[in-house]
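Participant: This is what each chain is made of:
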Amino acid sequence: MSEQSVVKRGTEGASPRRRGIAGWGDPRGRRLGGWAFILNRLTGLGVLAYLFLHLIVLSLLARGPSAWDGFVSIAASPLFLCFDVVLIFGLLFHGLNGIRVTLVGFGLVVDRQRAMFVALMIIGAIALVVAAIHIFTVG
Amino acid sequence: MAQSEGPTPGRIGTTWTPSGEVARPTWGWILQAVSGALVLVLVTLHMIANHFVVAGGLRDFADVVAYLSDPVVVVLEVCFLVVVTWHGLLGLRAVLFDFGFSPRAETAITRVFAVLGVAIVAYGLWLTWTITSYH
Chain P
1 MSEQSVVKRG TEGASPRRRG IAGWGDPRGR RLGGWAFILN RLTGLGVLAY
51 LFLHLIVLSL LARGPSAWDG FVSIAASPLF LCFDVVLIFG LLFHGLNGIR
101 VTLVGFGLVV DRQRAMFVAL MIIGAIALVV AAIHIFTVG
Chain Y
140 MAQSEGPTPG RIGTTWTPSG EVARPTWGWI LQAVSGALVL VLVTLHMIAN
190 HFVVAGGLRD FADVVAYLSD PVVVVLEVCF LVVVTWHGLL GLRAVLFDFG
240 FSPRAETAIT RVFAVLGVAI VAYGLWLTWT ITSYH
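Line by line, the protein sequences give chains P and Y. Using our numbering, the first residue of the first sequence is number 1, and each one after it goes up by one. Using our numbering, the first residue of the second sequence is number 140, and each one after it goes up by one.
Keep in mind the hints are simulated off the structure, nothing from the lab. Some hints could be false.
Beta-carbon label-pair distances, calculated as ranges [to be verified]: (1) 260(Y) with 82(P): 45 to 55 Å; (2) 194(Y) with 99(P): 41 to 51 Å; (3) 246(Y) with 45(P): 36 to 46 Å; (4) 78(P) with 265(Y): 31 to 41 Å; (5) 73(P) with 250(Y): 18 to 28 Å; (6) 249(Y) with 78(P): 38 to 48 Å; (7) 180(Y) with 119(P): 14 to 24 Å; (8) 57(P) with 239(Y): 33 to 43 Å.
Stretch by stretch, here's where chain P covers chain Y in the computed footprint (C-beta under 8 Å, at least three residues) [stated by the list, open to error]: (9) 198–209; (10) 240–251.
Beta carbons: idealized from backbone N, C-alpha and C, even for Gly.
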């Protein structure tokens, strides 16, 4: 009988040796799914931080046209556009990897999840390049 | 709980894990998966409608007011706000629970997040109402 135990849902990719936050940085026994798990959490935290920032910035809309339109002109700067590309990377990784996690969690395509992960990441990379070109050329 | 049969593809409630462990679904996980699927659709719509089809990538004030004058847009954006808040806070809760708090602390975190979620949605509704009143 192989040694297996029940783990908390959502922590499947954590290092098998160290659970909890400390387990995130533990490379021992970590395979592709484990790294995907860490990046899923980091992009999730990053996108959530962005969401809070976004909601705060949107409060400028309540202060009228001059407040909001002043921000719009600043947001067109190259630094903001770089942040936009980082945001889209976070959204794409978290969303596409989330498709894999959800399907596998419901017991679907379990034995093909590595191939699915690679395919989703290729789609994500193409989408990221297209989005970045759009952001820096069309705006 | 020991499992001798290993991963069981195709059966809801079990999953393969890198270490060969078997995970069991919780309500939190199922809600996270459902809200994640909804966020995926709504964030795609939001990004296209608010950024990728807009000249310059960001609507000016008059354009935002005109955009939110469509009731369908308001419903979709409010749905997005509710679902993304739900998914984000539930995800942060899962991350915090990795610290290994006591059951009592976990309950407190859940309650604080529920209040925070309601406050965020209330703020979003107020903001939407304020913007649409400019129309």
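Participant: If any of the earlier hints don't hold here, list their numbers in rising order.
Facilitator: The structure conflicts with hints 1, 2, 3, 5 and 10, although it agrees with all the remaining ones.
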